[in-house]
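Given these sequences and hints, build the entire structure.
Protein chains in written order, with my numbering: chain A, 1 to 404; chain Y, 405 to 808; chain X, 809 to 1212.
Cut-off 25 Å, straight-line C-alpha distance, at most; resulting in silico cross-link-like pairs (DSS-like, lysine-lysine):
#, chain 1, residue 1, chain 2, residue 2
1, X, Lys-935, A, Lys-136
2, X, Lys-1195, Y, Lys-613
3, A, Lys-288, X, Lys-988
4, X, Lys-1017, A, Lys-387
5, X, Lys-1164, X, Lys-1195
6, A, Lys-300, A, Lys-290
7, X, Lys-1151, X, Lys-1086
8, X, Lys-932, X, Lys-944
9, X, Lys-944, A, Lys-387
10, A, Lys-124, X, Lys-944
11, Y, Lys-677, Y, Lys-698
12, Y, Lys-584, X, Lys-1096
I should point out that these hints are in silico values taken from the structure, not numbers from a laboratory.
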Amino acid sequence: MVIGYLLGDLEYFEMASTTYSSCMMHKGSFSLRSVNCNKQFMCNNYSQSFSVSTDLTHSRLVLSNEKAMKRELRNGIKCLALEVKDPPLYSLGEKFQLDDVIEAQQFDRYTLSAIFEVAREMEKIEKGSPGSQILKGYLMATLFYEPSTRTRLSFESAMKRLGGEVLTTENAREFSSAAKGETLEDTIRTIQGYSDIIVMRHFESGAAKRAAATADIPIINAGDGPGQHPTQALLDVYTIEREIGKLDGIKVGLVGDLANGRTVRSLAYLLAKYQDVKIYLVSPDVVKMKDDIKEYLTSKGVEWEESADLMEVASSCDVVYQTRIQRERFGGRVDLYEEARGKYIVDHDVLKAMQKHAVVMHPLPRLDEITVDVDSDPRAAYFRQAKNGLYIRMALLKLLLLGW
Amino acid sequence: MVIGYLLGDLEYFEMASTTYSSCMMHKGSFSLRSVNCNKQFMCNNYSQSFSVSTDLTHSRLVLSNEKAMKRELRNGIKCLALEVKDPPLYSLGEKFQLDDVIEAQQFDRYTLSAIFEVAREMEKIEKGSPGSQILKGYLMATLFYEPSTRTRLSFESAMKRLGGEVLTTENAREFSSAAKGETLEDTIRTIQGYSDIIVMRHFESGAAKRAAATADIPIINAGDGPGQHPTQALLDVYTIEREIGKLDGIKVGLVGDLANGRTVRSLAYLLAKYQDVKIYLVSPDVVKMKDDIKEYLTSKGVEWEESADLMEVASSCDVVYQTRIQRERFGGRVDLYEEARGKYIVDHDVLKAMQKHAVVMHPLPRLDEITVDVDSDPRAAYFRQAKNGLYIRMALLKLLLLGW
Amino acid sequence: MVIGYLLGDLEYFEMASTTYSSCMMHKGSFSLRSVNCNKQFMCNNYSQSFSVSTDLTHSRLVLSNEKAMKRELRNGIKCLALEVKDPPLYSLGEKFQLDDVIEAQQFDRYTLSAIFEVAREMEKIEKGSPGSQILKGYLMATLFYEPSTRTRLSFESAMKRLGGEVLTTENAREFSSAAKGETLEDTIRTIQGYSDIIVMRHFESGAAKRAAATADIPIINAGDGPGQHPTQALLDVYTIEREIGKLDGIKVGLVGDLANGRTVRSLAYLLAKYQDVKIYLVSPDVVKMKDDIKEYLTSKGVEWEESADLMEVASSCDVVYQTRIQRERFGGRVDLYEEARGKYIVDHDVLKAMQKHAVVMHPLPRLDEITVDVDSDPRAAYFRQAKNGLYIRMALLKLLLLGW
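The following block contains the structure:
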């Protein structure tokens, strides 16, 4: 059913008047006020149907299959506006956000809040409950051009926990077609014939965006080279909200390799979307946070300061976000590396300095930058954080395949 | 239920009279005329049961588990004849064709037509429809001795689209048992204990036939070395029928490396089963079609001619079947290779020469032998062709596991 | 529902009296005599529920989720005793046996008998039967640090035959996190967030025990280095019982490399649990059974003798258990290797010496230590043995995930 396009401000909603009378939506009298929550509509007039769900409580209007709709719109179907009276909680940008998941920047705080709401629902899904079968019949292809078992298993578990099925390629770089010189675009065109959604990890920055530009089905970026790893950024912010209970007004210490860790860079981007956030940057000189992020934080009004004193930062923060420092970054200066490592370890003493409600996070894998005796403290949130990755990925799969 | 063996001409049908009275088939009064379509019969007299489906519309009689039946017959059960009055649409050879899928030559035009009929039904299966669960409980093992992600994913997608499950080995050559010197036969005997059907890709010509000779469950050859890749040949012929609407009387231009491409060789074999087919062979001298195929075509009454003029052929053909030319085939003669490649590229000019109803096909992966600007033309059929591979494989899995 | 802990002698059963009145078990009047077989109980008082099944026929009492229960008990819930009158067939040790499957020694003959009873039920499960869906919604992770396709497929088939789903890692050693230096414990803590049970193969002896000590979910050892491969040992004993009809009083010839084969060592351990067993040890001098096993057998009252005469042993045994002799074990002494191989081959002559009811077993893969002409003899049990691995693994998955 082509019912139109969600404009940026979401204040209205266009609809092809010519299809109006033959739509199931019409039978529902097409007044948003009388529409039940999450009801699905379909129209037989068009070969490709869309489902629309309206949630009057939150005044959200979401089209589940915007790509297909855009195609129909290109075929010249005229649309009319339909006003949505209640102010939206969830403000959609120029582009409907959940066609694809490509980079952390694509999300605004309302979209994040909506994803987190779905993730919380996902936490409640139990074996044998109807929720555990919502993706039955859907097929996800994990197209991994470089291996990342943790991320792959997390996505595959998410899909299967929702009743969906998985096609796996652990090492698509040796994929015979890619090895023979096939373009990424041709591979995507083929794989989309076999699946309903593609989760892709690639060694080149920007590969996910290229794939999304080609594909008719949703693409999720599971990391593209030094570029983006947006689902990690989402699960980090989700974990902060779950553990601390809020995002506005929080104080976060980013610790370790801030120059090369894409995790902390993406996290800084996302935290800038919240109010009264304070960020402490704690790192050896060699791997300090780069200026682009600092300038971005300043431009968004986020307070930040650099510090070399982990203990003092730990006592002030709600979240100590620890990362791994890699020896390679120090070149020949093993002495500097050893000094840096020794200085920024989260151990029992750091825990003692931290507040009762504060937490330690880490994107994992962890080596010795958090000592094992920290694990048993309830403030050690890193394994819960890993588990949250499952719920965030379940939420994204649900949103991309079924919509709201 | 041992009800006998389908003889080659399918004019009668044997049945063990001693088991007659205790069969469910008996309860159905065992007159073919009164039997409902696709009803399944089982008999408790024998440890291993067979299902038989009779489709009176098409007068087809198919036993789903012929291998097991042959075993029972060897045990000496006496069979009686039962006549089937209506002439069959579908003429079975000496051996029931869909025990295994080993080579393109095993199919006659009636079998092909039957497979294509099932493939068209497969195109209509939707998520959540009963058709999407027909293989529920069945387990397919993909035993790939050399990696081929495209083919593997296509089969695994086919199985899962029908509700079946998959056991995957991406690289069975390093399979510990094979590496330790286990024979293919022993591997097959073990794997058939864990699965209901085996899809096998192997580096040695003839491996699929050896596997089928050992296995009690169906084997599908997904490519064995330079030998056969029968499901590719089937999807090619299916695509021609879907795109052009017929197979008798078509004109096909085979372009590129005709000496080494097993795809074009198998396609030529299958096209020879149809009437009034004309084949144009367009290739550099170094990689011309070999004499065995030319002689085969002549012996079957298929008209063929060699041509160096792609443009002229393109203007006459219903199908331009392009293939990749591999540099290795030219040895040190890079100049000849470059000349050959430049001469046989399908680009916008070739498209212009082609008729409105004609199509371009390619087994993929494609490098630069079809230019990217061809992709958006509706006559570019190669991605639809890849998708048809899914339907053909769904059809084969259905036929091998459930029968008609 | 915290109903207490199964003490070692299983003569009583503790229960928190405070939760008594609000338990469903209470509604069932909580007298074991009046409880139906395999009924499940749940209590809403505790966040984590347990299921308990009581089978009065066999007087077994099993808690399906003992790990979780232990956690609750640590929280200090008081338990009361409840007597079980009928003597148990199945005597539980200090620890409930099927929390994890780590080593062959953990099983006593009653546990083995119980597992085999479940395995026999598994043999009867058919496609589409309710039994084929008992693990629906459960997710098994196969975490293989070294590839073993045969074992992996057997476990994955077992899980899928029961309706469960699988997350696969074929080569976890190159697992990015392990490669980056993550500890096994951290990996387990992460993976258990994505799955309900972990089947692990590792290159280090003791790895499975370490994983089990960390995990909150069940661990199955699918082989850890030169250490244990307990599911192979279980399927061997199960096969002997299925083929010969008994375990007490059997005569088993262990043939081949008895020094290095972990299979024969584990089998010897398990056979020692039965009465009047006689073991013949037939091997080249270089790879004789080590003294620890011989002493163990003697201490358990198992009669054993070493012999160099395969033919004589074959004529006395119920089971000839053949294994592969690896050339590497002989160092430079190729002559000794060739002599040993030639001497201990099971061929048609050995078969002729064997009794009618006796069988040949082999853990597979087989090279030339059993000649191919033996395969067609009904006494060649090795492929049935491989198939039994499926049933044993189905039984273990059922017991670990659902309990009795």
